[in-house]
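> Residue numbers (my numbering), protein chains in the order written: chain A, 1 to 115; chain B, 116 to 224.
Take these hints with a grain of salt, some might be off.
Restricting the straight-line Cα-Cα distance to at most 20 Å, the calculated cross-link-like pairs of lysine to aspartate or glutamate (EDC-like) are [claimed, not checked]:
| # | chain 1 | residue 1 | chain 2 | residue 2 |
| --- | --- | --- | --- | --- |
| 1 | B | 211 | A | 56 |
| 2 | B | 169 | A | 102 |
| 3 | A | 70 | A | 96 |
Among chain A residues calculated to face chain B with C-beta under 8 Å, some are [what the hints assert, rightly or not]:
| # | residue |
| --- | --- |
| 4 | 42 |
| 5 | 43 |
| 6 | 44 |
| 7 | 48 |
| 8 | 51 |
| 9 | 56 |
| 10 | 88 |
| 11 | 90 |
| 12 | 100 |
| 13 | 106 |
| 14 | 108 |
| 15 | 109 |
Don't read these hints as lab results, they were simulated from the structure.
Nothing here was measured: the structure is a model prediction, and the numbers come from that model.
Built from N, CA and C at the ideal position, the CB exists for glycine as well.
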Amino acid sequence: DPKIIQKPKYLVAVTGSEKILICEQYLGHNAMYWYRQSAKKPLEFMFSYSYQKLMDNQTASSRFQPQSSKKNHLDLQITALKPDDSATYFCASSQETGGARDTQYFGPGTRLLVL
Amino acid sequence: GQQVQQSPTSLVLQEGENAELQCNFSTSLNSMQWFYQRPGGSLISVFYNPSGTKQSGRLTSTTVIKERRSSLHISSSQITDSGTYLCALTSGGNYKPTFGKGTSLVVHP
Numbered sequence: 001d002p003k004i005i006q007k008p009k010y011l012v013a014v015t016g017s018e019k020i021l022i023c024e025q026y027l028g029h030n031a032m033y034w035y036r037q038s039a040k041k042p043l044e045f046m047f048s049y050s051y052q053k054l055m056d057n058q059t060a061s062s063r064f065q066p067q068s069s070k071k072n073h074l075d076l077q078i079t080a081l082k083p084d085d086s087a088t089y090f091c092a093s094s095q096e097t098g099g100a101r102d103t104q105y106f107g108p109g110t111r112l113l114v115l
Numbered sequence: 116g117q118q119v120q121q122s123p124t125s126l127v128l129q130e131g132e133n134a135e136l137q138c139n140f141s142t143s144l145n146s147m148q149w150f151y152q153r154p155g156g157s158l159i160s161v162f163y164n165p166s167g168t169k170q171s172g173r174l175t176s177t178t179v180i181k182e183r184r185s186s187l188h189i190s191s192s193q194i195t196d197s198g199t200y201l202c203a204l205t206s207g208g209n210y211k212p213t214f215g216k217g218t219s220l221v222v223h224p
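Here chain B stands alone, though its shape is the one from the complex (with noise of 0.2 Å):
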């Protein structure tokens, strides 16, 4: 079965709101990752959360390993959020990251 799922598949906003982005695995967990797709394509690293919580601006990464989720908040959503979020989880102790679906995040003026 899939180890990485991703949850909602998609999400329109209203420019202000916020956005609630929820990984699920179902495999033991070294590393957890989360990454920006723009709509063109291209992808920036956005957050390496293993565990507890971690904020970047808007952003805020909380990791509960025990409960095998991760979750990316978007305070306050704005256009520019508009895109696919992706997580990666890594077991094991080697890098070979497994990805999500994505959550296609869509915010509206």
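Only chain A is shown next, with the shape it has when bound in the complex (with noise of 0.2 Å):
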């Protein structure tokens, strides 16, 4: 059974919509993240979260917000979508917030397509 869901797995939006992004880790780690992957740039860091608090933020637009419901659920809302926002976006977790010391688990991604 997979430990980290992400949905869903495809997205397609219109350009200036709002979407949602679902994780949900069963791994019963304290800390979640987000990261962002597209054809342009090489991965990166979006968010860190530890026990429901955001922890850092590499993220300069406010378009994107992390949403915390539960201790294993970090979802993220982006909204006015534009088409650079297309990418394939990462869920991960890991027992604690040690940074780049704990092993982190990732999900199999959301891929997001802006038109």
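Can you join these two chains into the complex? Each is in its own frame, and there are hints to help.
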């Protein structure tokens, strides 16, 4: 059974619309992360959360808002979508927020295409 | 300029050959991580190695802070090692990793 679930697997959106990417982990971890990978850029760290609180934020735009309704959930809301937002978004989790020290486990990703 | 540079960009090997992947960085280092991305896209943490040498099976990572480089050595490569290897460095106290563009490894039978 998959331990980190990301939904949907594929998502097509219209420019200017809003979407929510879902991430749930069943590893009992306390830290969760979001990363983005596009064809034009290397993998990018976006956010880290620990015990449902924001720890680090590398995303300049406020259009990207993480939402944590439960400890094992970290959704990503994206508003006013732009074609440049097209990318694969990976969710990850780790036992604690030791930063790089903690082994991170990644979800399968949500591939977003903005037209 | 780019903080993290990986070389080579791509590497093609015959099964059984060794691979040496390099990661050079231009900023101060707090931590260095290596990740493996399967051809299908899934990601796996491989090493956390801020300094010195660490080994796990056929994989060995060496980070030399003074020389601002980290390497990943794969011995006796296997077809299943094919994929992209990413290094990521963190500088400063926060966890905000900067990733390299990766080395694409293809191992042929």
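> If a hint holds in the structure, say so; if it does not, say that too.
Going through the hints against the structure:
no.	hint	result
1	B:211 with A:56	7 Å, holds
2	B:169 with A:102	15 Å, holds
3	A:70 with A:96	16 Å, holds
4	42	4 Å, holds
5	43	4 Å, holds
6	44	7 Å, holds
7	48	6 Å, holds
8	51	15 Å, violated
9	56	5 Å, holds
10	88	6 Å, holds
11	90	6 Å, holds
12	100	4 Å, holds
13	106	4 Å, holds
14	108	6 Å, holds
15	109	6 Å, holds
The structure does not agree with numbered hint 8 stated previously, though it agrees with all others.
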